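Student: Chain residues, written in single-letter form:
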Amino acid sequence: MIAVLKHELRLYFHSLTAYVFGAFLLVFVGIGAMLYNIQAAVSNFEYVLSFSCLVFVVIVPILTMRVIAEERRQKTDQLLYSLPITTTQVIVGKYLALLAVYLIPLAIICLYPLIFAQFGEVYLPTSYGSILAFFVLGAALIALGVFISSLTENQGFAAGIGVAVILFNYYSVSLAEYVSSTAFGSLVVLCVAVLILAAVINHLTRNENLAYGIGFVLIAGMAVLYFVDSTKFEGLVPDIMTKLSLFERFYAFVNGVFDMTAIVYYLTVILFFLFLSVQSLEKRRYN
Amino acid sequence: MKKKNLPAAGAEAKQAENRKEAESRRKAENRREAENRRKAENRREAENRRARNRNALRGGSYSLLISAVVLAILIAVNVFASALPANLTQYDISSSQLYSITSNTKVVVNALEEDVTIYWIVQSGEEDDIIENLLSRYESLSDHIEVVKRNPDVYPTFAE
Amino acid sequence: MIAVEHLTKYYGDFLAVDDLSFEIDEGHVYGFLGPNGAGKSTTMNIMTGCLSATEGHVRIDGHDIFDEPEKAKRLIGYLPEIPPLYVSETPEEYLRFVGEAKGLRGSVLREQIEKVIADTRIGDVRGRRISALSKGYRQRVGIAQALLGNPKVIILDEPTIGLDPIQIIEIRDLIRDLGRSHTVIFSSHILSEVQTICDRILIIARGKLVAFDEPQNLERRLLAPSEISLKAEASAEEARKILSGVAHISEMDISGMDTDIAGMDANGKKENRVSIRVRTDCSDIYAVSRSIFFAFAKGGRPLLEMALKKANLEDVFLELTDNAAGEKDRDEDLEEEVED
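Protein chains in written order, with this note's numbering: chain A, 1 to 287; chain B, 1 to 160; chain C, 1 to 340.
It is possible that some hints are incorrect.
Claimed, not checked - The calculated EDC-like cross-link candidates involving lysine to aspartate or glutamate, where the alpha carbons are at most 16 Å apart (straight line), are: (1) A:Lys75 / C:Glu81; (2) A:Lys243 / B:Glu132; (3) C:Lys309 / C:Glu251.
To be verified - Over the 10 Å line for every Cβ pair with chain B, so calculated as not near, a few chain A residues: (4) Ile108; (5) Phe157; (6) Ile196; (7) Phe258.
Because the hints were derived from the structure by calculation, they are not lab data.
Quick caveat: nothing in here was measured; it's all calculated off a predicted structure.
Cβ coordinates follow ideal geometry from the N, Cα and C atoms, glycine included.
My request is simple: use the sequences and hints to build the entire structure.
Tutor: The structure is reproduced here in structure tokens:
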């Protein structure tokens with residue numbers, strides 16, 4: 001695993017990736033700092049982070065698109081399979097390298113509150129609490145990016161899907177409210193989600209009966225629930241999206257609440273997507 | 001003349017018949033052989049197909065199953081974490097201490113002996129984060145306190 | 001050393017490897033021989049843990065490649081058909097990564113890297129980016145990577161593909177050297193190289209193992225007899241009469257040569273020339289050619305050309321791989337017949 005970690009770091013710093021990522025992040029945060037802290041003379045640094053987390057939509061896919069897709073394309077994944085290291089070690093090594101690339105511009109950003117504190121009253125706990133949350137948010141999105149990269153051989157696809165997914169995540173709550181504020185709307189959205197799940201099951205197991213069975217059971221269950229008590233469905237989808245959205249949980253920190261449940265959530269997201277990435281790599285071996 | 005030809009013709013006819021018999025026997029044998037071979041092959045292919053599907057099912061559903069199990073465990077962890085009382089999991093880092101409860105409040109709440117229900121009149125989806133946080137802290141301070149939301153659209157006359 | 005038992009691999013509905021079983025002993029050079037698409041690469045991928053098998057087991061020194069992957073993989077060095085190189089690195093950086101991943105550290109790692117660079121003779125290019133290297137050098141970097149850590153078994157998939165003749169000879173020499181201290185398995189569809197380097201040959205066709213033996217034994221197994229082709233200055237009947245006196249000739253095929261090609265004698269008259277193919281089942285083909293020479297000399301007709309075609313591996317190969325194909329065709333033919 002250390003071997004993979006060192007190798008990936010060397011790759012990132014010998015190519016432009018690490019520098020482009022760092023530059024973009026610093027530029028965005030810099031612009032935010034200029035707008036909020038300097039021009040508007042607001043002393044809350046956390047608002048800057050709230051503004052800049054939009055940049056993840058672009059830089060995370062660019063950073064993570066080649067992590068696994070490139071190995072597949074160059075056929076170097078065969079080398080990784082034949083070496084005496086486990087797939088988990090490979091994924092964790094790669095992920096830690098990505099985190100390291102992320103931490104470097106972040107370390108620079110850590111200095112900003114201190115600098116601003118020289119010129120005004122900056123309440124440091126909120127600022128640093130938000131920076132920590134910003135780090136964990138980025139880490140979770142990077143784990144998501146690793147998983148997306150493991151699904152395809154084509155870096156472009158990986159980047160495109162990554163942008164789409166993170167963008168969707170960013171706007172998920174407003175989208176959900178727009179689409180399904182009524183109970184019936186929620187039911188429809190959930191049924192669509194179940195259908196997508198059934199399609200995924202079908203693709204993975206090639207057993208149509210299993211996919212139809214699960215899909216049917218879930219939709220029937222939800223229909224029954226709907227007829228029993230439709231108020232439960234009111235605002236259900238916006239609720240779910242709020243709980244699932246990585247960005248929503250970050251805003252709590254900006255508002256001044258250091259929410260441990262959010263940290264726990266981010267950690268579980270990281271674990272889940274790294275786990276899925278390992279599964280995805282293993283699955284290729286089974287062909 | 002005819003007599004001479006007849007036995008000759010008979011012999012020829014018999015030869016032809018024998019030949020035809022031998023051929024049909026051979027054909028039947030070949031047919032049986034091919035059928036046996038085909039049956040054996042079909043059996044083998046069906047077995048292989050079942051083994052393959054079992055493997056695909058095994059491979060695909062194994063990873064699906066284990067992903068579902070892992071997902072369930074992670075969801076359980078999250079549910080557990082959010083079920084914990086708010087003062088354990090949420091720390092106030094705001095500059096104006098918006099979310100902290102002053103010691104005065106704590107004294108009052110600890111002295112509560114009767115049950116108190118706080119009705120929050122708010123539309124679902126319009127809850128303010130700060131108020132939500134504060135009320136959940138009150139709830140976790142004492143067993144006597146309960147917060148209930150009332151949607152003014154559904155219960156318009158409640159405030160009266 | 002390596003035990004492969006009932007290995008089967010389906011790609012969807014396509015059977016790539018069909019119930020393959022064999023055992024590899026320590027310290028020899030083994031050749032996987034077979035036409036393209038026979039399943040050699042698939043088998044090697046399964047043996048090294050890069051692919052899973054639908055059925056069957058592969059055990060390296062007792063460790064099953066899927067149950068104890070790390071232990072088994074430490075014993076193997078593998079070069080796949082397409083060398084898995086990180087093209088933006090130099091060979092030195094690449095080898096350092098592979099060495100670390102194999103568990104080598106510090107001075108041991110440095111020694112190993114120097115050793116494999118020397119063995120594969122890539123010292124000149126060790127600091128150059130792999131993307132700037134020629135195919136021959138890239139192949140050698142791939143072999144170097146397989147040699148790191150001094151594994152007991154080295155598996156090479158078509159190591160001489162795409163190389164120029166000099167490079168091919170160098171790689172072959174390298175393989176022969178390695179065979180002295182390691183177990184080497186390499187695959188090829190070029191008969192001559194398998195013949196010259198290997199101690200044992202496995203012939204694989206259509207996913208099945210059709211032969212597994214030493215090269216000499218395989219040649220001896222050939223059913224087709226040896227052939228002698230002659231060109232003599234004689235008429236067809238004369239040639240036939242002369243050859244009928246020679247022993248051990250099983251078949252004779254005489255054809256007159258084209259009168260345009262036939263030359264003129266000193267007087268400008270057109271000469272009779274025949275081209276003959278003779279088949280013999282005698283094991284000592286030189287005895288037969290000797291008899292033919294003396295027979296024609298006694299008959300007073302000059303022999304212009306005599307060429308021997310010994311039974312060789314190519315014929316064995318073609319015959320065995322044809323048989324594998326033939327079986328399938330015969331079954332199909334029989335079915336067609338019955339359907340009439």
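Student: Would you assess whether Phe258 of chain A, listed as outside the interface, keeps its beta-carbon beyond 10 Å of every beta-carbon in chain B?
Tutor: violated (4 Å)
Student: Would the least Cβ to Cβ distance between Ile196 of chain A and chain B come out above 10 Å?
Tutor: With a cut-off of 10 Å, Ile196 of chain A remains clear of chain B, as the shortest Cβ separation is near 14 Å.
Student: Taking 10 Å as the cut and beta carbons as the points, is Phe157 of chain A off the interface with chain B?
Tutor: holds (21 Å)
Student: Given the hint that Lys75 of chain A pairs with Glu81 of chain C, does the C-alpha gap stay at or below 16 Å?
Tutor: holds (10 Å)
Student: Is it true that the CA of Lys243 of chain A sits at most 16 Å from the CA of Glu132 of chain B?
Tutor: holds (15 Å)
Student: A cut-off of 10 Å on Cβ-Cβ distance, and Ile108 of chain A was said to be off the interface with chain B. Does that hold?
Tutor: holds (22 Å)
Student: Taken at face value, is the distance from the CA of Glu251 of chain C to the CA of Lys309 of chain C at most 16 Å?
Tutor: Given that 16 Å is the threshold and the Cα spacing comes to 15 Å, the pair holds.
The structure is inconsistent with hint 7 alone, although it conforms to all the rest.
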